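Peer 1: Protein chains in written order, with the working numbering: chain A, 100 to 388; chain B, 6 to 270.
These aren't lab readings, by the way, just hints derived from the structure by calculation. Any given hint could be a false lead.
What the hints assert, rightly or not - The list that follows gives simulated cross-link-like pairs (lysine-lysine, DSSO-like), each with its CA atoms no further than 30 Å apart: (1) A:LYS185 <-> B:LYS154; (2) B:LYS241 <-> B:LYS154; (3) A:LYS175 <-> B:LYS76; (4) A:LYS222 <-> B:LYS154; (5) B:LYS76 <-> A:LYS157; (6) A:LYS177 <-> B:LYS154; (7) A:LYS171 <-> B:LYS76; (8) A:LYS160 <-> B:LYS76.
To be verified - A few chain A residues facing chain B, derived, Cβ under 10 Å: (9) ASP114; (10) GLN150; (11) LEU197; (12) PHE198; (13) THR201; (14) GLY214; (15) THR218; (16) ALA254; (17) VAL258; (18) ALA341.
Stated by the list, open to error - Computed, partial: chain A to chain B, Cβ under 8 Å: (19) LEU155; (20) GLY161; (21) GLY181; (22) ARG183; (23) GLU184; (24) ILE188; (25) PHE190; (26) PRO193; (27) HIS195; (28) GLN196; (29) PHE208; (30) GLY209; (31) PHE213; (32) SER216; (33) GLY343.
Only a predicted model underlies this, so the values are computations on that prediction, with no experimental measurement involved. Glycine included, each C-beta is placed from N, C-alpha and C at the ideal position.
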Amino acid sequence: MDISLKNVEYRYSADTPFERLAIQDVNIDISSGSYTAIIGHTGSGKSTVLQHLNALLKPTKGTVFIGNREIKAGRKEKNLKGIREKVGIVFQFPEHQLFEETVEKDICFGPLNFGVSETEAKKRANEAIKQVGLSEEILEKSPFDLSGGQMRRVAIAGVLAMEPECIVLDEPTAGLDPRGRKEIMDLFYKLHQERDLATVLVTHSMEDAARYADEIVIMHKGTVLQKGTPNEIFSDPERLLAHGLDVPDVVRFQLRIEKTFQTKFDRICLKEDELINMLAAFLKRRGAQ
Amino acid sequence: MMEKMIIGRYVPADSLLHRMDPRSKLILVFLFVGVIFLANNFWTYGILLIYTLLMAGFSKIPPRFLIGGLKPVLWLVIFTFFLHLFLTREGAVIFDLGWFKIYEEGLRQGIFISMRFFLLILITSLLTLTTTPIEITDGLERLLGPLKKLKFPVHELALMMSIALRFIPTLMQETDKIMKAQTARGVEYTSGPIKERLKAVVPLLIPLFISSFKRAEELAVAMEARGYKGGEGRTKYRQLSWSTVDTLMILLLLAVTVLLIVFRG
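Chain A with its partners taken away, still in its complex shape:
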């Protein structure tokens, strides 16, 4: 399922003294099966963009295409449930949305809302809890007896059990320890590869974006600053740095080496191995001279 935003503008609290322009002139295409990262500072509008992806917000100008639906500014939309079933969102700190008595009930909540039968929902809950790396025994527990990390996983399982065609992640690892962070990111990457699940990652970690995404969109002050593959984006690291955005450690390391040795490698490396090979070759050449 493809999602695309065409010339989208959104104003919060339109027509009140609190009116604030959040995004304008945003054009983004997310094709099915892709892994897109949306990066930007706090307040760059990335969370606003995210909420357009399943019609939680309707643009104040422009159009959003979600599958075969069209959400146009200034039009009343009915029956958005279908969209929400296909596009699952894992919000920031998703554990705040837990409310049921047991983990199982909470995971089943989404699927049941979309008209899935109870047996099927339970089956999905069982599957989802394993996918997020928790054991089945946890299903009977109250979500409020779990640790923070476990609650996060349960909430994610609740979205996975909806079996969406596209999953949108809003900083899914905020506040987790480094290990939990890696586990969660790897989990989503595995799902993306195994099920061809379209994934949109909203983050401010350049590392994650460079490592997982095949398409990066950089937001800056409510507009799209740049978009392209990681190689394209990081081929011009100075531009990112000029806008106060970070580059992955590997890239920064390469830049410093280039500066120290007064040289320029023929491309920007995004993986450590790549950079090591490049550096080794360079040093060898230098030694030979």
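Knowing the structure of chain A, use the given hints to seat chain B on it.
Peer 2: For chain B alone, coordinates are given in the frame of chain A:
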């Protein structure tokens, strides 16, 4: 979804009402709450309406925003109107359907009571719209100051009030956030049958309660960490100053009160 609500919200601006001393505004609101009960006919309600609209004008808050923000409460006002219209059985019958009659007194009561309700909400909203929570608290603490002699915990009361006011917008944001998260999980808050929508309140309220308790705990710890220990010996950063405008405004309301006493039936 909740961004249009104005109850408990402060709109920064530079207007007559904004510049007034919070003490005089508080006194005015309390007086108004009493005075409004003097009105009992069209003349007196008319005077009150003009007074209220005048105050709204002084506040420089865009009327469209004011009306939009009061919409949710307007339902309550309309409900009050119909309750009185249908349930009062006094005076001449003005509308007769056989099994269903509307009486003159019902219509009168309906209009008056809902009007009273509306004016009260508008005036109190004007107070919070033009006064920061901190000012309200300072003002209240000073006004209630004399009660300290009777061992009444004035400072604590003021603090409780300011915390409550301070967290209304936060709670609204939180509500919005959780509503969105549950909407993404297939709950419908804005359409669908009433029964379903009522059910949808549970997945909203439980997370809200939990986060409120957590926040209260965090706030208490943060206050203690910064050495907060109540009113005794605590100095004030903001000084209140009573100006001529404040006196004039109080005199204006007193004049309105006199008019009401003269014109009431």
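Peer 1: Take the hints in turn and mark each one as holding or not.
Peer 2: Verification of the supplied hints:
1. In summary, the hint linking A:LYS185 to B:LYS154 is not supported, as the alpha carbons are separated by about 65 Å, beyond the 30 Å threshold.
2. The hinted pair formed by B:LYS241 and B:LYS154 meets the criterion: a straight-line CA distance of about 20 Å does not exceed 30 Å.
3. Restraint check: the Cα-Cα separation between A:LYS175 and B:LYS76 comes to about 20 Å, which is no more than 30 Å; the hinted pair holds.
4. Between A:LYS222 and B:LYS154 the alpha-carbon distance is near 67 Å, which puts this suggested pair outside the 30 Å criterion.
5. Among the hinted pairs, B:LYS76 with A:LYS157 is consistent with the structure: their alpha-carbon atoms are about 21 Å apart, no more than 30 Å.
6. Only pairs whose Cα atoms come within 30 Å are accepted, and A:LYS177 paired with B:LYS154 is rejected, the gap being roughly 61 Å.
7. Under the criterion of a C-alpha separation no larger than 30 Å, the hint pairing A:LYS171 with B:LYS76 is consistent with the structure, at around 26 Å.
8. Among the hinted pairs, A:LYS160 with B:LYS76 is consistent with the structure: their alpha-carbon atoms are about 25 Å apart, no more than 30 Å.
9. Hint on A:ASP114 holds. Least Cβ distance to chain B is approximately 7 Å, under the 10 Å limit.
10. The beta carbon of A:GLN150 is positioned within 10 Å of a beta carbon in chain B (closest approach about 7 Å), and the interface hint is therefore held.
11. Among the interface hints, the one on A:LEU197 holds; its C-beta lies about 7 Å from the nearest C-beta in chain B, closer than the 10 Å criterion.
12. At its closest, the beta carbon of A:PHE198 sits 4 Å from a beta carbon of chain B; the interface hint therefore holds under the 10 Å criterion.
13. Hint on A:THR201 is violated. Least Cβ distance to chain B is approximately 13 Å, over the 10 Å limit.
14. The interface hint given for A:GLY214 is met, as the beta carbon of that residue sits about 9 Å from the closest beta carbon of chain B, less than 10 Å.
15. Of the supplied interface hints, the one on A:THR218 is violated, with its beta-carbon coming no nearer than about 18 Å to a beta-carbon of chain B, more than 10 Å.
16. With its C-beta approaching chain B no nearer than about 9 Å, A:ALA254 sits inside the 10 Å limit, and its interface hint holds.
17. The restraint placing A:VAL258 at the interface with chain B holds, with a minimum CB-CB distance near 7 Å, inside the 10 Å limit.
18. Interface restraint check: A:ALA341 against chain B, minimum CB-CB distance 33 Å, threshold 10 Å, status violated.
19. Restraint check, A:LEU155 versus chain B: the minimum CB separation of about 5 Å is within 8 Å; hint holds.
20. The beta carbon of A:GLY161 is not positioned within 8 Å of any beta carbon in chain B (closest approach about 20 Å), and the interface hint is therefore violated.
21. A hinted interface residue such as A:GLY181 counts as satisfied when its beta carbon comes closer than 8 Å to some beta carbon of chain B; here the least separation is about 10 Å, so the hint is violated.
22. With a cut of 8 Å, the hint placing A:ARG183 at the interface with chain B holds, because the nearest CB-to-CB distance is about 6 Å.
23. Satisfaction of the interface hint for A:GLU184 is found here, the shortest Cβ-Cβ separation to chain B being roughly 7 Å, below the 8 Å cut-off.
24. Annotation: interface hint on A:ILE188 holds; nearest CB of chain B at approximately 4 Å, less than 8 Å.
25. About 5 Å separates the beta-carbon of A:PHE190 from the nearest beta-carbon of chain B, less than 8 Å, and the hint is met.
26. This hint holds: A:PRO193 has a C-beta 7 Å from the nearest C-beta of chain B, less than the 8 Å allowed.
27. A cut of 8 Å between beta carbons decides the hint on A:HIS195: the least distance to chain B is about 6 Å, and the hint holds.
28. For A:GLN196, the interface hint holds, since its Cβ comes within 8 Å of a Cβ in chain B; the closest pair sits about 4 Å apart.
29. With a least beta-carbon distance of about 6 Å to chain B, the hint placing A:PHE208 at the interface is held under the 8 Å criterion.
30. For A:GLY209, the suggested interface contact is upheld, since its CB lies about 4 Å from the closest CB of chain B, less than 8 Å.
31. Evaluation of the A:PHE213 hint against chain B yields a held restraint, the C-beta minimum of about 5 Å falling below 8 Å.
32. Contact between A:SER216 and chain B, as hinted, is not supported at the beta carbon level, the nearest pair being about 15 Å apart and thus beyond 8 Å.
33. Among the interface hints, the one on A:GLY343 is violated; its C-beta lies about 27 Å from the nearest C-beta in chain B, farther than the 8 Å criterion.
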